[in-house]
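Visitor: Here's the letter readout for the chains.
Number of protein chains: 2
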Amino acid sequence: MFTPRSIKHCRACGGEVRYQTPPDDNRDRATCSACGTIHYENPLNVVGTLPFWEDRVLLCRRNIEPRRGLWTLPAGFMELGESTAEGALRETVEEAGAHVEMLGLFTLLNVTRVGQVHLFYRARLLDTDLAPGPETIEAQLFGEDEIPWDEIAFRTTRKTLELFFADRRSGSFGFHAADIT
Amino acid sequence: MFTPRSIKHCRACGGEVRYQTPPDDNRDRATCSACGTIHYENPLNVVGTLPFWEDRVLLCRRNIEPRRGLWTLPAGFMELGESTAEGALRETVEEAGAHVEMLGLFTLLNVTRVGQVHLFYRARLLDTDLAPGPETIEAQLFGEDEIPWDEIAFRTTRKTLELFFADRRSGSFGFHAADIT
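Chains as they are written, first to last, in my numbering: chain A, 1 to 181; chain B, 1 to 181.
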């Protein structure tokens, strides 16, 4: 089970925090020993797209850790003030400079080990003009037989690509949920 | 835009935090003025189920704020160490004491205003034995024409119920995504 226990001080008063189970709760929470504030830690969403142009898909080569130099779909942490789709579009613009039409949610992948949920939307590229941002070394379109399978950064990218090509062969795109264990 | 700015002290060292835009970022983050740690604030997932038995659905009357006394689908904040479906099942047991078979993800509803994403799974009740927990006043099965529409706690519950009954009339259940604005 994922228990980071990374909180040492209260964000309200700066007091020392202890991990203990509050009344009416059933798991340890970071609890301020000075003011009593309880600090919850919860999973985070990573939102992104699978951009495609005719029979090719867009991948970005990462310019940041982790997995610098490996290929990924454009994605990143969802921010406050945006929907899952808005966040996915923002990351696609920031990392690839791509112009896309957002289509439906394609995959929801639980990565419980690291406390994350990854959500990828299909996105139709409106042109092939790309302008990678500082987090990306290069952005490139790949046909199915050109995908650098040995240099894919994350298992959620790999899973989403596999499902995309499988659905394309079957002739219809569905929504897929899976656990990455 | 949802900007709580609720962090006053660093959770690593207890030092004072200032909201400022870090280099290579494009929005203000809570940054410790003592040790430099950056504290990110991100949306949270609420996970739950729509449990059904023949032509009736299960609702819980809330025994906690907010919206104490109003009816809701069993749901709560996703925890670390569980998948979205595992969290939804846990909440269904905790709040209703219901025994269910989990089916597919039914709705993904962005509630951007409060920084939340609500995910509801369809769940087949295996029996009608219910044992509401302390957060629930009572749990009850309702036919479509018995739903207390004027006493529903949350718009995501209402939307999920509406989509369920619409899909049932159409004869097939899909996956639905929507923004609650």
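What the hints contain is simulated information worked out from the structure, not anything from laboratory work.
Since we're looking at a predicted model, the values are computed, not measured.
It cannot be assumed that every hint is accurate.
What the hints assert, rightly or not - Here are the in silico distance ranges between beta carbons for each label pair:
| no. | chain 1 | residue 1 | chain 2 | residue 2 | range |
| --- | --- | --- | --- | --- | --- |
| 1 | A | 68 | B | 150 | 28 to 36 Å |
| 2 | A | 174 | B | 34 | 18 to 26 Å |
| 3 | A | 97 | B | 145 | 19 to 27 Å |
| 4 | B | 114 | A | 37 | 18 to 26 Å |
| 5 | A | 165 | B | 93 | 35 to 43 Å |
| 6 | B | 64 | A | 18 | 43 to 51 Å |
| 7 | B | 65 | A | 28 | 22 to 30 Å |
| 8 | A | 77 | B | 36 | 16 to 24 Å |
| 9 | A | 63 | B | 170 | 45 to 53 Å |
| 10 | B | 35 | A | 173 | 16 to 24 Å |
| 11 | B | 145 | A | 65 | 53 to 61 Å |
| 12 | A | 35 | B | 124 | 39 to 47 Å |
Stated by the list, open to error - With a cut-off of at most 20 Å between alpha-carbon atoms, the simulated SDA-like pairs for lysine to any residue come out as follows:
| no. | chain 1 | residue 1 | chain 2 | residue 2 |
| --- | --- | --- | --- | --- |
| 13 | B | 8 | B | 36 |
| 14 | B | 8 | A | 7 |
| 15 | A | 8 | B | 36 |
| 16 | B | 159 | B | 176 |
Said to hold, decoys possible - Chain A regions said to be covered by chain B (calculated; three or more residues, Cβ under 8 Å):
| no. | stretch |
| --- | --- |
| 17 | 66-80 |
| 18 | 145-151 |
| 19 | 154-164 |
Ideal Cβ positions, reconstructed from N, Cα and C, are used throughout, including at glycine.
Visitor: CB of residue 77 of chain A to CB of residue 36 of chain B, is that within 16 to 24 Å?
Guide: For residue 36 of chain B against residue 77 of chain A, whose Cβ atoms are near 20 Å apart, the range 16 to 24 Å holds.
Visitor: Range first: 19 to 27 Å. Now tell me if the beta carbons of residue 97 of chain A and residue 145 of chain B are that far apart.
Guide: violated (53 Å)
Visitor: Is it true that the C-beta distance of residue 65 of chain B to residue 28 of chain A lies inside 22 to 30 Å, as the hint says?
Guide: Given range 22 to 30 Å: holds, Cβ gap about 23 Å.
Visitor: Would the pair residue 8 of chain B and residue 36 of chain B pass a check requiring their Cα atoms to be no farther apart than 20 Å?
Guide: holds (14 Å)
Visitor: Does the beta carbon distance between residue 63 of chain A and residue 170 of chain B stay inside 45 to 53 Å, or does it fall outside?
Guide: holds (47 Å)
Visitor: Do the alpha carbons of residue 159 of chain B and residue 176 of chain B lie within 20 Å of each other, as the hint requires?
Guide: holds (10 Å)
Visitor: Return holds or violated for the Cβ distance of residue 35 of chain A and residue 124 of chain B against the range 39 to 47 Å.
Guide: holds (45 Å)
Visitor: Within 16 to 24 Å: is that where the Cβ-Cβ distance between residue 35 of chain B and residue 173 of chain A falls?
Guide: violated (47 Å)
Visitor: Would the pair residue 8 of chain A and residue 36 of chain B pass a check requiring their Cα atoms to be no farther apart than 20 Å?
Guide: holds (15 Å)
Visitor: Given the hint of 35 to 43 Å, is the C-beta distance from residue 165 of chain A to residue 93 of chain B inside that range or not?
Guide: This hint holds: roughly 38 Å between Cβ atoms.
Visitor: How does the Cβ-Cβ distance of residue 174 of chain A and residue 34 of chain B compare with 18 to 26 Å: does it lie in that range?
Guide: violated (50 Å)
Visitor: Is the coverage entry for the stretch 154-164 of chain A by chain B consistent with the three-residue Cβ rule at 8 Å?
Guide: violated (count 0)
When each numbered hint is compared with the structure, violations occur for hints 1, 2, 3, 6, 10, 18, 19.
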